[in-house]
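Undergrad: Required output: the full structure, derived from the provided sequences and hints.
Residue-level listing of the chains:
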Amino acid sequence: MTKTARQRPPLRHILTSKSGLGALLLFLAAAVTFSEVAKLRLGTASAMGPGYFPALLGGLFVLFGLILAVEAWQKPDERLNPGPLKPALLVMGAIVLFALLYRIAGGALAITGLLVVSALAEPNRTLKELALLVLGVIVFVWLVFVLALDLQFDMLPTWLTR
Amino acid sequence: MIDNLLLGFQVALSAQTLMYCFIGVSIGMFIGVLPGVGPLAAISMLLPITYYITPTDALIMLSGIYYGAQYGGSVASILMRLPGTASSAVICLDGYEMTRNGRAGAALFLSAIASFIGGTIGIILMAGFAPALANFALRFGSQEYFLLMALGLVAASTLSEGSAVRGLAMVVLGVVIGIVGLDHTSGTMRFVYGQFELMDGVSLVASAMGLFGLSEILSNIGGRDRPLPTEKVSMRTMIPTRREFLDSLPAIWRGTAIGSFFGTLPGTGSTIASFFSYASEKKLSRNRARMGQGMVEGVAGPEAANNSAAQTAFIPTLTLGVPGDAVMALLLGAMIVHGVNPGPQMLQETPEMFWGLVASFWLGNLILLIFNLPMIGLWVGMLRIPYRVMYPAILVLVVIGTYSIRYSVFDIYQLLAFGVLGYILRVLAFPAAPLVLGLVLGPLMEENFRRSLMLADGHFTTFATRPISAVLLVAIIAILAVQIVLPLVSWLRRRGEAQV
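Protein chains in written order, with our numbering: chain A, 35 to 196; chain B, 3 to 502.
There could be a bad hint or two in this list.
[Stated by the list, open to error] Quick list of simulated restraints, FRET-style, between CB atoms: (1) A/Val96 <-> B/Met201: 47 to 57 Å; (2) B/Phe247 <-> A/Lys120: 51 to 61 Å; (3) A/Leu183 <-> B/Gly379: 26 to 36 Å; (4) A/Lys162 <-> B/Arg245: 45 to 55 Å; (5) B/Ala291 <-> A/Val66: 51 to 61 Å; (6) A/Leu123 <-> B/Tyr409: 23 to 33 Å.
Worth flagging that the hints you see were computed from the coordinates, not collected in a lab.
For glycine and all other residues, C-beta sits at the position ideal for the given N, C-alpha and C.
TA: Below you can see the structure in the form of structure tokens.
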């Protein structure tokens with residue numbers, strides 16, 4: 035038995051290891067960078083165009099991506115562990131909801147939506163606690179952002195107040 | 003020097019400025035106590051507010067958060083064995099043992115004293131060396147600036163934590179994100195994809211809040227609540243014994259020296275300083291055999307080290323415009339946003355700002371020393387607020403804060419994008435801090451790179467032939483060699499042996 039016949043983990047493991055996916059991420063970044071560079075003028079070292087510096091950066095992405103790929107190939111490190119995905123997705127959704135609601139329904143409702151949806155991410159809380167939280171945060175935002183800092187944050191929808 | 007300091011205190015002692023200093027150090031102290039929220043997240047979240055106050059007040063407040071967190075960080079370490087900040091992790095070892103021995107009060111008291119001494123000496127060094135360094139830096143050309151920034155980025159991304167390649171890759175990603183928008187030299191749009199909101203580049207606030215505030219929530223949510231503090235600390239137990247006091251003094255001096263040194267170096271900073279100080283106490287202190295069993299040297303030394311490092315870290319940031327870590331990069335970004343150009347000219351152009359900062363640092367340390375101990379009960383009480391109540395409220399502040407900078411819903415989507423990016427990077431074990439360093443320095447680096455080669459008529463040798471830049475280039479190559487090539491060679495050798 036030779037040592038070179040040492041067992042390689044299956045390709046699937048390599049690709050889903052942290053360094054394998056990391057390498058893929060860097061290659062993706064390189065692809066995005068070069069596709070943008072392709073639209074830009076390169077110029078020369080003494081008179082650089084807008085594409086010169088980004089092209090160098092794209093090259094670095096490829097270099098670091100290759101190093102990570104070799105690492106992944108040689109010893110695929112820990113498998114990916116993203117943790118519970120559902121709570122994270124709920125929080126992301128809550129932010130989108132805020133952005134959409136703010137224009138049409140005003141800040142107070144948008145804050146309520148953000149709080150209620152993001153609160154779903156951590157269960158076992160009472161309705162009373164949530165109601166107090168919503169009320170407390172709205173009052174706090176109104177006091178600090180609207181009254182004290184005088185920001186243009188519309189609590190009510192603008193179509194109602196103007 | 004005396005004149006300058008007088009000018010500084012004149013600025014720092016005005017009622018309004020003093021108030022912002024107080025707010026900054028109080029917030030810093032609190033988030034320092036709070037495990038999981040570091041100065042990086044807190045400064046990102048407060049960036050929006052600073053758009054409404056003067057640049058000097060803004061910087062004084064944001065800096066207060068940074069060094070205030072160093073004071074607070076030790077509280078959770080000592081009382082709960084939970085490091086509030088990375089730099090106070092090492093204080094858990096002997097600090098928590100002291101709590102178990104019933105000496106929690108003395109540990110907190112001596113750590114406040116050590117912090118104050120370390121911080122004060124760091125500030126004196128800053129006042130003494132910054133002007134000389136700035137004078138020296140006035141001779142720098144674009145070549146030196148480009149390499150200095152490159153050195154800062156390479157050092158910060160490879161020396162701190164985790165794999166060097168991952169850190170460097172994140173720097174590059176940060177630089178690419180940093181140059182999004184209008185290229186002023188050629189008038190061309192880059193990486194804008196038709197979104198006119200991106201013309202001025204990505205928003206510093208949205209990116210910092212997304213990467214450090216939002217991604218923190220995205221990764222922690224659904225996890226367990228943190229343990230609640232149980233220890234009660236009375237004022238009477240705070241008085242250290244004569245023995246404890248005498249033992250801690252030499253540790254404080256050693257820690258201060260170590261911290262002042264590592265603070266000025268790019269990429270090392272307060273965490274490495276406190277670990278180094280603990281290691282040196284284990285070798286040098288009178289009680290070295292009993293370190294780890296609740297010796298005050300293990301608290302006082304690292305505390306002095308991380309606070310002096312937190313102050314001297316401002317030296318390269320303010321005099322050269324080259325930040326040593328991500329917090330400094332954020333402060334630098336805030337200065338640029340406020341129209342202040344950090345760098346050697348700052349001392350001459352806006353002396354009141356520089357010396358005001360120096361004076362406010364010392365006042366801030368004084369405030370921390372005086373208020374630190376009485377407020378501990380309050381902070382510990384706030385730690386009892388469960389995470390499930392905290393995070394939705396933080397989320398609202400982050401979103402509204404981002405929106406309010408230019409009243410743009412687009413910026414909320416930017417925030418979300420950076421939050422998701424930060425989450426993905428964390429899952430893939432990429433560090434986010436070098437990304438912010440790259441993001442802030444990216445445009446400056448490109449500008450200096452362009453100008454260097456334009457002046458040198460396209461000859462890349464210009465970076466090696468000027469004396470100062472040659473030294474910098476050697477330093478960069480040395481770090482890269484030690485961090486990347488050496489591990490590679492030893493790995494190949496091990497592999498070679500395995501083959502035989």
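Undergrad: Taking 26 to 36 Å as the hint, is the beta-carbon distance of A/Leu183 and B/Gly379 inside that range?
TA: At roughly 30 Å between Cβ atoms, B/Gly379 and A/Leu183 fall inside 26 to 36 Å, so the hint holds.
Undergrad: Is it true that the C-beta distance of A/Val96 to B/Met201 lies inside 47 to 57 Å, as the hint says?
TA: violated (28 Å)
Undergrad: With 45 to 55 Å as the target window, see if A/Lys162 and B/Arg245 comply at their CB atoms.
TA: 53 Å Cβ-Cβ, so the 45 to 55 Å window holds.
Undergrad: Taking the Cβ atom of A/Leu123 and the Cβ atom of B/Tyr409, is their distance within the range 23 to 33 Å?
TA: At roughly 28 Å between Cβ atoms, B/Tyr409 and A/Leu123 fall inside 23 to 33 Å, so the hint holds.
Undergrad: State, for the Cβ atoms of B/Phe247 and A/Lys120, whether the hinted interval 51 to 61 Å holds or is violated.
TA: At 53 Å between Cβs, range holds.
Undergrad: Taking the Cβ atom of B/Ala291 and the Cβ atom of A/Val66, is their distance within the range 51 to 61 Å?
TA: At 57 Å between Cβs, range holds.
The structure fails to meet hint 1 from the earlier list, while all remaining hints are met.
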